[in-house]
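Single-letter residue listing:
Number of protein chains: 2
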Amino acid sequence: MKVAKFGGSSVASSEQIKKAGSIVAEDTERKFVVVSAPGKQFDTDTKITDRLIELSYVEFNTKEYKSISDKIIERFAKIVHELDISNEILTEISEAIDTAASVETADQQRKTDILKSIGEDSCAKIVSRYLNTIGLNAQYVNPEEAGIIVSNEPGNAQILPDSYKTLYEMREQKGIMVIPGFFGFTTDGKLMTFSRGGSDITGSIVAAGVQADLYENFTDVDSVYVVDPRIIPNPEKVTTLTYKEMRELSYSGFGVFHDEALMPAFQAEIPVCIKNTNNPESAGTMIVSNKNEESRGVVGIASDTGFSNLYVSKYLMNRELGFGRRLLQILEDEGISFEHAPSGIDNMSVIIRDDELTAEKELSVINRIHEELNPDTISIDYGFAMVMVVGEGMMSAVGIAEKSTAAFADANISIEMINQGSSEVSVMFGIRKDKLHKAIKALYNKFFN
Amino acid sequence: MKVAKFGGSSVASSEQIKKAGSIVAEDTERKFVVVSAPGKQFDTDTKITDRLIELSYVEFNTKEYKSISDKIIERFAKIVHELDISNEILTEISEAIDTAASVETADQQRKTDILKSIGEDSCAKIVSRYLNTIGLNAQYVNPEEAGIIVSNEPGNAQILPDSYKTLYEMREQKGIMVIPGFFGFTTDGKLMTFSRGGSDITGSIVAAGVQADLYENFTDVDSVYVVDPRIIPNPEKVTTLTYKEMRELSYSGFGVFHDEALMPAFQAEIPVCIKNTNNPESAGTMIVSNKNEESRGVVGIASDTGFSNLYVSKYLMNRELGFGRRLLQILEDEGISFEHAPSGIDNMSVIIRDDELTAEKELSVINRIHEELNPDTISIDYGFAMVMVVGEGMMSAVGIAEKSTAAFADANISIEMINQGSSEVSVMFGIRKDKLHKAIKALYNKFFN
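Quick mapping for you: the protein sequence lines, in order, are chains Y and Z.
Going by full-length UniProt numbering, the first sequence opens with residue 1, and the numbers climb by one from there.
Going by full-length UniProt numbering, the second sequence opens with residue 1, and the numbers climb by one from there.
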């Protein structure tokens with residue numbers, strides 16, 4: 001039994017939905033289908049979800065409202081027409097939009113939540129009807145029926161454990177279930193959307209709930225690549241990743257999808273396969289809980305920019321019980337998360353993502369450090385990039401650190417920071433941002449080429 | 001103007017004091033002499049200071065008391081006799097001991113402080129009189145006269161800033177001043193000893209106070225070595241070190257002396273020279289505030305054992321504001337200092353010196369982490385050694401990390417931890433304790449041989 005989730009690009013047009021349909025049709029194990037809202041058909045296109053969000057902020061029945069809702073309906077109409085399914089659904093969609101938008105409410109978040117869910121919901125209805133036209137026994141299943149019960153947090157709903165029981169019972173139902181992604185319902189029936197990557201979350205929850213043998217995540221790429229293809233054209237593909245490796249890779253701007261979305265599947269130990277709707281013959285990338293010893297080594301190189309280094313030095317710092325803790329406390333008081341905190345004997349660096357800092361927070365932090373910790377020096381240095389060499393079980397392997405550092409040396413790049421020791425899955429290098437592409441190339445050549 | 005400090009081995013016998021005398025005599029710049037108490041003459045010998053401490057814990061005028069005080073006096077008598085100076089001083093010493101030991105006091109710490117200071121004090125008196133016999137205009141100067149004014153902390157006195165003014169005025173005095181190390185006086189005249197390395201502290205304070213051109217620290221080694229001579233026989237000597245380099249080297253079991261003792265000299269930017277009383281012709285090692293660019297690179301490899309790794313992992317740890325801070329807070333509440341805290345995405349390690357941990361503290365820490373942080377896993381791993389590759393300005397140099405990691409790889413040693421990024425002066429590697437000698441050898445061969 002498999003759960004197949006189709007992302008925005010996989011349902012962006014009738015042509016894409018037909019591809020998804022063939023994929024579902026060719027394997028009877030694909031019993032659960034989860035869909036996103038239609039995404040972009042081309043670069044300058046607008047996602048249905050974005051139009052629905054826009055609509056939630058304009059006054060009902062105004063000219064502006066009509067203009068936006070017309071565009072949404074036109075988009076669906078084209079799909080429905082090209083798929084040759086009944087027009088009825090367009091009336092349903094239109095009514096759903098108008099009903100949601102006409103409600104007078106002080107709770108804008110709730111309104112937006114309901115409106116934006118219509119993209120996925122309508123898409124699931126269209127897909128299930130299309131599957132019927134190609135001879136499959138498929139039905140639309142509302143998340144409430146499916147048992148996707150969530151916390152009362154609009155835009156950031158969390159799945160409640162009871163959901164899995166109801167979902168498991170769905171195994172027994174006949175035919176293919178098509179479930180819209182991105183939202184669930186509270187115990188008292190209020191619709192709530194998930195956070196970013198919401199359809200992935202639904203797919204992952206369904207896979208965990210029905211105890212699927214496989215969760216297939218259909219995207220528009222053949223696989224996960226060992227390195228960002230925007231930096232290295234046509235890089236090697238990753239055949240198999242572990243959950244932990246995926247998590248470390250996702251952290252550092254390793255696109256494809258939001259790793260937390262996969263948490264329910266990971267926790268239920270359901271293997272995940274990343275596949276391409278446009279090239280379903282390609283094996284894709286498997287994400288599993290464990291892989292065999294032989295295939296261990298570096299699986300990928302991830303990177304991200306936008307880090308700053310808060311540096312504090314004070315003679316005899318290491319004798320001052322609580323110095324490090326107090327420094328982190330000051331950051332915490334200002335609501336600033338830190339990434340890493342390498343320390344020397346008389347000094348400590350705190351690596352912070354730039355988006356955690358504002359000029360105001362920075363000033364406040366620096367003033368408090370001066371007053372409360374009385375350091376010898378304090379500085380903030382911007383423009384850091386982090387590069388992560390990822391691979392489970394490789395960390396204690398002799399030679400990985402050497403190979404990595406040799407790559408930097410060969411490319412004449414200074415390493416500003418090395419963080420190894422806690423994670424068994426990665427080594428992190430801090431370098432100047434402008435050296436990032438050069439560094440990635442050097443590491444790719446060292447480990448993969 | 002120079003300050004020459006002679007350590008315990010340099011005044012352990014009449015023969016050694018004669019060597020120290022020649023050293024003082026041969027350079028008229030050596031105007032200030034600071035002395036330790038007579039140290040060990042041979043491996044199984046007992047230091048005068050240790051006998052004095054012992055004496056402070058026994059009842060006055062008992063058989064045991066007499067036995068210990070006799071041994072102290074005998075030791076001094078032999079020196080005095082061999083140096084051919086007046087016996088009067090032995091009566092002085094004997095009286096000083098009896099006076100200090102006969103006081104009825106509830107304050108054992110104060111009593112011990114006064115008794116143990118007699119070692120240095122007597123030695124200074126002997127040395128000044130000996131210098132007179134070889135024709136030098138030398139005089140004993142009591143630390144109170146010299147202006148060494150300290151805080152009221154027996155065994156851990158801290159110098160008060162006013163001291164430096166009085167010390168500076170001593171520049172104008174004629175002749176050679178011989179000052180006992182290890183103690184000073186509070187503003188209300190109470191004698192207080194410094195902490196470990198106390199005579200080095202006095203020497204360093206005097207050098208800073210009189211604004212010496214050089215602070216000479218006479219020991220029994222020719223120089224500082226680039227690596228522990230117990231691991232590598234006859235290693236290369238260090239010609240010049242910066243203060244910062246010395247500090248990092250001292251931290252990790254790099255013998256010679258206690259780096260904090262040199263703080264007053266460092267802060268006054270007085271150059272320090274480590275020299276050998278037994279081989280004063282050898283150039284020794286200079287410790288300076290800055291050295292020229294060309295001589296930059298790896299200056300030494302330090303190491304220490306006795307570290308443990310407290311490892312905590314929790315999925316989505318990096319989203320939990322304050323997780324790291326709370327972990328460090330728990331350690332702080334138990335009075336445990338940490339050395340380093342490398343962190344991954346979902347995990348954090350805290351490197352702790354074994355002597356900070358007791359079975360009880362460990363249990364308490366683990367219980368609190370379980371209760372308060374609800375981690376997925378928690379473990380304590382013992383038996384780590386830390387290796388530091390030290391050299392100012394080398395850190396951002398391309399290739400240092402590579403050379404170091406290559407040394408480990410060549411020796412087939414797994415690197416458990418790398419900490420680079422905060423200190424500009426060192427990179428720290430964590431390895432298993434049993435690999436330490438092998439690692440030091442490999443690094444020595446890579447950087448020096």
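Be a bit skeptical, because a hint or two may be false.
Same chains, same names: a pair is fine if it fits in one copy or spans any two.
To be verified - Distance condition first, Cα-Cα at most 20 Å in a straight line; then the derived DMTMM-like pairs of lysine to aspartate or glutamate:
no., residue 1, residue 2
1, LYS18, ASP84
2, LYS111, GLU424
3, LYS314, GLU424
4, LYS314, GLU260
5, LYS314, GLU269
6, LYS446, ASP410
7, LYS446, GLU402
Derived from the structure by calculation, the hints contain no laboratory data.
All values reported here derive from a predicted model rather than from experimental measurement.
key: Broken hints, by number   = 2
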